[in-house]
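Model the full structure from these sequences, guided by the hints.
Number of protein chains: 4
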Amino acid sequence: MRDLQDRKPDVAENLERVGITNLRTLVVTRWKGHEYRFVPTIELTIDLDRGRKGAHMSRLVESITEVIEAETGKKYSSFEELERKILKKLEQKHSHKKAEISMRTELVVERKTPATRKKTMECHDIFVKLVKNNGRFTKILRVDVVGNTACPHSMEHVGKPHIQRAVGTLELETAYENPAELEDMIKCVESSFSSKVYTILKTEDESAVVREMYKNPRFVEDVCRNMLNNAKRKFGNCRIRAKVVSQESIHRHDVVAEGWCDA
Amino acid sequence: MRDLQDRKPDVAENLERVGITNLRTLVVTRWKGHEYRFVPTIELTIDLDRGRKGAHMSRLVESITEVIEAETGKKYSSFEELERKILKKLEQKHSHKKAEISMRTELVVERKTPATRKKTMECHDIFVKLVKNNGRFTKILRVDVVGNTACPHSMEHVGKPHIQRAVGTLELETAYENPAELEDMIKCVESSFSSKVYTILKTEDESAVVREMYKNPRFVEDVCRNMLNNAKRKFGNCRIRAKVVSQESIHRHDVVAEGWCDA
Amino acid sequence: MRDLQDRKPDVAENLERVGITNLRTLVVTRWKGHEYRFVPTIELTIDLDRGRKGAHMSRLVESITEVIEAETGKKYSSFEELERKILKKLEQKHSHKKAEISMRTELVVERKTPATRKKTMECHDIFVKLVKNNGRFTKILRVDVVGNTACPHSMEHVGKPHIQRAVGTLELETAYENPAELEDMIKCVESSFSSKVYTILKTEDESAVVREMYKNPRFVEDVCRNMLNNAKRKFGNCRIRAKVVSQESIHRHDVVAEGWCDA
Amino acid sequence: MRDLQDRKPDVAENLERVGITNLRTLVVTRWKGHEYRFVPTIELTIDLDRGRKGAHMSRLVESITEVIEAETGKKYSSFEELERKILKKLEQKHSHKKAEISMRTELVVERKTPATRKKTMECHDIFVKLVKNNGRFTKILRVDVVGNTACPHSMEHVGKPHIQRAVGTLELETAYENPAELEDMIKCVESSFSSKVYTILKTEDESAVVREMYKNPRFVEDVCRNMLNNAKRKFGNCRIRAKVVSQESIHRHDVVAEGWCDA
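Residue numbers (the working numbering), protein chains in the order written: chain A, 2 to 264; chain B, 2 to 264; chain C, 2 to 264; chain D, 2 to 264.
Since the hints were made in silico from the structure, they are not lab data. Treat the hints with caution; some may be incorrect.
Stated by the list, open to error - Calculated pairs, SDA-like style, for lysine to any residue (alpha carbon to alpha carbon, straight line, at most 20 Å):
1. D/Lys99 - C/Lys216
2. D/Lys119 - A/Asn15
3. A/Lys203 - C/Trp261
4. B/Lys235 - A/Asn15
5. C/Lys120 - B/Pro41
6. A/Lys233 - B/His97
7. D/Lys119 - A/Glu67
8. A/Lys203 - D/Gln6
9. A/Lys113 - D/Ala71
10. C/Lys216 - A/Met156
11. A/Lys216 - C/Lys203
12. D/Lys203 - A/Glu70
13. B/Lys119 - C/Lys90
14. B/Lys94 - C/Lys90
15. A/Lys203 - D/Lys90
16. A/Lys90 - D/Lys119
17. D/Lys98 - C/Trp261
18. B/Lys90 - C/Lys120
19. D/Lys203 - A/Arg3
20. D/Lys233 - C/Arg51
21. B/Lys90 - C/Lys203
Just so we're clear, the structure is a prediction, and the values are computed from it rather than from any experiment.
The following block contains the structure:
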């Protein structure tokens, strides 16, 4: 007898995304000669047509774990390369027309503080998704980067800005082959704020950051436009989405700006 | 001199959504003769063209607060009616082509327990969004409803299901005038699970719920299809989206099913 | 035969807190002549000695719902009064030595903006817990209030502060009879920051807030000490706890100060 | 002139905990011959007496980063060893009487599935805190482990249990030198539930897990007592705290049990 999953469901409706979500496991990648370990939160789904009751969920999990274990021999140079291996493995295990896999984790990158040039490590949330549709692979790369806004309106009216933390989210949707890198996306966002922020700041560094903020008063709208503009100049052949949320120091609510364009 | 917000920005990019978010305030509505008070979390945004540096954020806040205060005289019968008043008020205060407002809050509805017929109050997360584009109003209604899944696969193989809590999210996108109601959407989701859940359950009620779950083993995919099917039969002229996340009792990750269709 | 809950458990250990949590339902209170509706998140627990396998959970839920429904006739003037009624009801339903009930919700209070004196509604997270132990009722009142810090260190070194949103949490632990009010606790926190924040601010109001911040540069430590000091002068016969988290605009991490004292 | 932080504050109050929180950075440890990389969320605080206005926050950050960077040569065998190095470094940088450091991250451990004996990786949230007070080091170790409860009450009344995911939190407070290990704590929690859960389960494995759940119906109170009992037998000279939250499949709220004892 056929597996229960492969029989007809009571209700005939196509489903677009069926699978496992909020799965966390250990992933190792190799990038520019260094080994990186992550514990991403993973979602893997396939479409399911109206003739089949359910997906074989354990085969989806196995597609992830078998690829991750095979890694010991060969490391992957990016999340999307790892994700494509998983989708390729899934093709052997479970029929489907469309498949999607995403990983959410953090990336720690090195910076120098602005005045004393001390080394500092900066941590950013990242999200990498790969979609297989009609045999074509499209990826979505996303970074969330912390910065700040110094208000030009209050600068003009009082001669002094209110200042606050802001979070910029930059997303690219593009072909798998596009060599766009998360680290470059982070730089696009960092340079869009009134100033960059740092984990470690000695007194002279703090002074440098503060001077920078007062030199660059920016609305949340300005930061969002800078992000779009920086991304357009850096990346090609992609859909760009930018969003900034400014955690206003004069309100208990936030302000937001969002836009998108093609490059 | 023109307000800073109305001058030219350094970078010329159109923005799609500029405004305030995560604003919480007190809202009173009147519905079927009863007065309801809510403290929703509100987002209100407009588009901003490349020729203007920023939105006048305080006018967006005022559009909300002035409508809410004017309520004392006249109550609104639904969230979308209140939201339309706010967007109408905004038209007088701030030029724009497109505007969007959303409110996230909870709705408490009355039920009877299945065996002892005791009155019980059940609380659901809801989301109501209104989009004005080219003078047309479109609304998005969304409910998150808790239920459960009893696994038919394990029922078939061991004669016993594993069971778990699941959350069903049903969303309608439709014209402002569509009389679809949140309470009916909640019913569509509740009846899609292996069984309904209740805040209060005496022993006989608990037994009735448990029997119901064992009588209706359902995959997350079955629940999602039921939701689509129930919504199609109940509502007309809308886009329907259904999503179910089952918090598996045999795994530490979740399983998910998602689909959409037109009615 | 005795109910399963009342039989001996396999493992003999006293438990301190057994009950229901994350229950949301509709609550109506009357305070200073006005009716308020809330949908709090409720936790209700009792102790359970080593001789009994489990609590009768449905009796805990009924203690809440029966009191809330009886409200239609008579409203309660505070959350702690409502909570005491629930604990009194519980005494008739379930034996125990110790019982605890808490409610988390939000309180919306009216303010005037600093320059144009416009009416504005400000929303704060609150938490009210009542503990019955040896027949004595102790309550914990807590408010989370948003404000800001303008850094005095950078003010001294660069002549300009970095500024950011900060959240102050003030908690009182005291006898049930203490007339301390949540609204007064909110005022204690608001006046501890570099300046207060408002939901609506016209240009002159914004200027007033910005001037206030620059006049009152404060470390997170200063704000915490102000909170302790304000609370000591306002309230008597209580344990005071104060905590401030400042969402630094120059870092991607936060800074924190916490202290406690008796009044 | 003295640094601003070292001058007298306007308000004289001792503060118990002043420092940095929500800082994420890359940490490498070596444990049983393997290298592990983590991106923990870190909090580091000191006490501050009434005579000093503020802490030198950058010295707290440096205590973390200098120890982490020195790691390249020498790896630490546990989080608490790394934390003690950081507190030792802090002694050279900033005067204080009391200091606390905590790290929140996840631990991925290997298991075999119950029937097919496949290798599976299981991810758990962990928390390790070290407190230095009067020259003595005390540590708090905490694990959050996912499992399930099959209800014995409904088993008795209907012959069938309702089943749901549950989360067990086990915490030990003990001297720095206590050799208690996070992996053993995880085992104590796993074996307290109706059954263990696994990331990957083939059909026979799923059947084994389901049979196990039905063989071991347990209230949330039973699971909590098992955790206390398991921990008492495994660990010595410590304070044990256990808490279980069961995400009921028949309710939209949770049930909870909590207890503590000494070993």
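Right, here's what the structure says about each hint:
1. For a cut-off of 20 Å, the pair hint linking lysine 99 of chain D to lysine 216 of chain C is broken: about 33 Å separates their Cα positions.
2. Annotation: proposed proximity of lysine 119 of chain D to asparagine 15 of chain A is violated, straight-line Cα distance about 33 Å (limit 20 Å).
3. The straight-line distance between the Cα atoms of lysine 203 of chain A and tryptophan 261 of chain C is roughly 30 Å, outside the 20 Å bound, and the hint therefore fails.
4. The hinted pair formed by lysine 235 of chain B and asparagine 15 of chain A meets the criterion: a straight-line CA distance of about 19 Å does not exceed 20 Å.
5. Taking the CA atoms of lysine 120 of chain C and proline 41 of chain B, the gap is near 19 Å; set against the 20 Å cutoff, the hint holds.
6. Note on lysine 233 of chain A and histidine 97 of chain B: the hinted pairing is violated, with a Cα-Cα distance of about 25 Å set against a maximum of 20 Å.
7. Between lysine 119 of chain D and glutamate 67 of chain A the alpha-carbon distance is near 11 Å, which keeps this suggested pair within the 20 Å criterion.
8. Distance hint between lysine 203 of chain A and glutamine 6 of chain D is fulfilled; the C-alpha atoms sit about 14 Å from each other, no more than 20 Å.
9. For the given pair, lysine 113 of chain A sits about 18 Å from alanine 71 of chain D by alpha-carbon distance, which is consistent with the 20 Å threshold.
10. Restraint check for lysine 216 of chain C and methionine 156 of chain A: satisfied, since their Cα atoms lie roughly 16 Å apart, inside the 20 Å limit.
11. With a CA separation close to 25 Å, the supplied pair lysine 216 of chain A and lysine 203 of chain C exceeds the 20 Å bound.
12. Pair hint lysine 203 of chain D plus glutamate 70 of chain A holds up; C-alpha atoms about 17 Å apart against a cutoff of 20 Å.
13. Between lysine 119 of chain B and lysine 90 of chain C the alpha-carbon distance is near 18 Å, which keeps this suggested pair within the 20 Å criterion.
14. Between lysine 94 of chain B and lysine 90 of chain C the alpha-carbon distance is near 53 Å, which puts this suggested pair outside the 20 Å criterion.
15. Between lysine 203 of chain A and lysine 90 of chain D the alpha-carbon distance is near 17 Å, which keeps this suggested pair within the 20 Å criterion.
16. Distance hint between lysine 90 of chain A and lysine 119 of chain D is fulfilled; the C-alpha atoms sit about 18 Å from each other, no more than 20 Å.
17. A hinted pair counts as satisfied when its Cα atoms are at most 20 Å apart, and lysine 98 of chain D with tryptophan 261 of chain C qualifies at roughly 17 Å.
18. Taking the CA atoms of lysine 90 of chain B and lysine 120 of chain C, the gap is about 18 Å. The hint holds against a cut of 20 Å.
19. The hinted pair formed by lysine 203 of chain D and arginine 3 of chain A meets the criterion: a straight-line CA distance of about 16 Å does not exceed 20 Å.
20. Only pairs whose Cα atoms come within 20 Å are accepted, and lysine 233 of chain D paired with arginine 51 of chain C is accepted, the gap being roughly 16 Å.
21. Taken as a hint, the lysine 90 of chain B and lysine 203 of chain C pair is honoured in the structure, with Cα atoms around 17 Å apart against an allowance of 20 Å.
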